[in-house]
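Participant: From first to last, the protein sequence lines stand for chains U and L. Note that this note's numbering has the first sequence beginning at 1, numbered continuously upward. Note that this note's numbering has the second sequence beginning at 1001, numbered continuously upward.
Derived from the structure by calculation, the hints contain no laboratory data. Predicted model only: the values in this text are computed from it and were never measured. We treat Cβ as the ideally placed atom computed from N, Cα and C, and that holds for glycine. Treat the hints with care, since some could be wrong.
As the list claims (entries may be wrong) - Derived lysine to any residue pairs resembling SDA-like cross-links, with alpha carbons at most 25 Å apart:
| hint | chain 1 | residue 1 | chain 2 | residue 2 |
| --- | --- | --- | --- | --- |
| 1 | U | 5 | U | 15 |
| 2 | U | 33 | L | 1121 |
| 3 | L | 1028 | U | 33 |
| 4 | U | 6 | L | 1039 |
| 5 | L | 1031 | U | 39 |
| 6 | U | 104 | L | 1058 |
| 7 | U | 6 | L | 1064 |
| 8 | L | 1027 | U | 33 |
| 9 | L | 1028 | U | 60 |
| 10 | U | 105 | L | 1010 |
| 11 | L | 1031 | U | 46 |
| 12 | U | 2 | L | 1064 |
| 13 | L | 1025 | U | 27 |
| 14 | L | 1134 | U | 15 |
| 15 | U | 27 | L | 1057 |
| 16 | U | 27 | L | 1028 |
| 17 | U | 33 | L | 1064 |
| 18 | L | 1031 | U | 53 |
| 19 | L | 1134 | L | 1144 |
| 20 | U | 104 | L | 1104 |
| 21 | U | 2 | L | 1132 |
| 22 | U | 2 | L | 1036 |
| 23 | U | 132 | L | 1104 |
| 24 | U | 2 | L | 1041 |
| 25 | L | 1028 | U | 43 |
| 26 | U | 33 | L | 1088 |
| 27 | L | 1025 | U | 9 |
| 28 | U | 105 | L | 1018 |
| 29 | L | 1134 | U | 33 |
| 30 | U | 5 | L | 1038 |
| 31 | U | 33 | L | 1040 |
Claimed, not checked - Computed list of chain U residues with no C-beta within reach of chain L, every gap over 10 Å:
| hint | residue |
| --- | --- |
| 32 | 23 |
| 33 | 57 |
| 34 | 61 |
| 35 | 63 |
| 36 | 64 |
| 37 | 68 |
| 38 | 74 |
| 39 | 75 |
| 40 | 84 |
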Amino acid sequence: MKTVKKYALFILVAAVDIFLRWHYPAKGVVAIKSSMDYLEEMLLFIPPIFVLVGLLDVWVPRQIVERNVGPESGARGVALSILVATAAAGPLYVGFPVAAALLKKGCRLANAVIFLGTWATVKIPMLMMEIKFMGLPFSLLRLALTLPAVIGTGYLLEMILGSKRTEAVKEHR
Amino acid sequence: MLFNIFLYILAVAALLYSFRRDRQKTKKALKMAWNSFLNMLPAMLGIIGLIGVILALVPPEVIAGLFGSNSPFGILLISLAGAVTLIPAFIAFPLAASLLQAGAGLTAVAIFITTLLMVGIVTAPLEVSFFGRKFTLWRNALGFALALVISALMGVILQ
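Modelling step: build the complete structure from the supplied sequences, incorporating the hints.
Facilitator: Structure below.
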């Protein structure tokens, strides 16, 4: 039963795919083909990211994470969170387990939020595509406005949840 | 593509180094990687399937149709489309560029891009499973509000 619940969305989507394929073949083909293309993309960068997260978990001691991006890391911690996230690859939800692993190791809550925000909005491969299609002024302006917004979100969320620590996240599950 | 190769080289190098230092720890790390992959797989397959369905049922032409009017209601609809849909960047940016060329307003296009990047309704259940409900709700709500502010500013500055 638990497995069924976990796969609920996938089962629903697969049913829609089959229905489309049956009644609206053209749309069905587009839906299945887009999903397959995207799946291929995902499978390409998921293995290295998950392996790196696993290695981070067993090798990097808590003190190192705490010292660099922990509650007392200040502006340096913010800068580091942004820097690491810009080098990210893949959609935001691949970043969830990475941020969760960092939080577990003592990363400050604001920094984890900043990490996620940067991952979502200014990772370098995506930025290069944006510049190509939208032009440099559009991309740079968006970048310049987004970074302060992302940093602000980090601190605001910390205030709302009432703690710099992971416990704030766990308590509100 | 280059980025992927770099990522693989980094992961393989780290793995080899780790294996030479401590086999047991490396095994543990790989097991962890595998477990978190298995944990995320159901939600990931669901999300990827949903992206395909969205792209088929709401093709780029339909999204383009939203950009016809510059009324506040039209803008609201665009921001909701950006927040709800999950369109990969390699489709979203070409689409946004073609919308601009077709005469869509800069603010409207910026709202679409910023909400698309800063708000994730489709991925919210997965986010909740990692960080809890309150975290997810507030992160996305703040993202939505800030996306509107950012795109309004972009419209004023760039137009």
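Participant: Hint by hint, say whether it matches the structure.
Facilitator: Comparing the hints with the structure gives:
1. U:5 x U:15: holds (15 Å)
2. U:33 x L:1121: holds (23 Å)
3. L:1028 x U:33: violated (36 Å)
4. U:6 x L:1039: Given that 25 Å is the threshold and the Cα spacing comes to 9 Å, the pair holds.
5. L:1031 x U:39: Holds. Residue 1031 of chain L to residue 39 of chain U sits at ~22 Å (cutoff 25 Å).
6. U:104 x L:1058: Status violated; Cα separation ~39 Å.
7. U:6 x L:1064: violated (34 Å)
8. L:1027 x U:33: Status violated; Cα separation ~36 Å.
9. L:1028 x U:60: Holds, because 13 Å separates the two Cα atoms, which is no more than 25 Å.
10. U:105 x L:1010: This hinted pair holds, its Cα atoms lying about 21 Å apart.
11. L:1031 x U:46: holds (15 Å)
12. U:2 x L:1064: Between residue 2 of chain U and residue 1064 of chain L the Cα gap is close to 40 Å, so the pair fails against 25 Å, i.e. violated.
13. L:1025 x U:27: Distance ~48 Å between residue 1025 of chain L and residue 27 of chain U Cα, so the pair is violated.
14. L:1134 x U:15: violated (31 Å)
15. U:27 x L:1057: Holds, at roughly 7 Å.
16. U:27 x L:1028: violated (44 Å)
17. U:33 x L:1064: holds (22 Å)
18. L:1031 x U:53: holds (11 Å)
19. L:1134 x L:1144: holds (15 Å)
20. U:104 x L:1104: Status violated; Cα separation ~45 Å.
21. U:2 x L:1132: holds (19 Å)
22. U:2 x L:1036: holds (17 Å)
23. U:132 x L:1104: holds (19 Å)
24. U:2 x L:1041: holds (14 Å)
25. L:1028 x U:43: Holds, at about 22 Å.
26. U:33 x L:1088: holds (14 Å)
27. L:1025 x U:9: violated (35 Å)
28. U:105 x L:1018: holds (19 Å)
29. L:1134 x U:33: Distance of about 36 Å is beyond 25 Å: violated.
30. U:5 x L:1038: Holds, at about 15 Å.
31. U:33 x L:1040: holds (22 Å)
32. 23: At roughly 12 Å from the nearest Cβ of chain L, residue 23 of chain U sits farther out than 10 Å, so the non-interface label holds.
33. 57: Incorrect as stated: the minimum Cβ-Cβ distance to chain L is 6 Å, not above 10 Å.
34. 61: Label holds. Min Cβ-Cβ 12 Å, cutoff 10 Å.
35. 63: holds (17 Å)
36. 64: holds (15 Å)
37. 68: Non-interface label on residue 68 of chain U holds, nearest chain L Cβ at 18 Å vs cutoff 10 Å.
38. 74: holds (22 Å)
39. 75: holds (21 Å)
40. 84: holds (13 Å)
In this structure, the earlier hints numbered 3, 6, 7, 8, 12, 13, 14, 16, 20, 27, 29 and 33 are contradicted, and the remaining ones agree with it.
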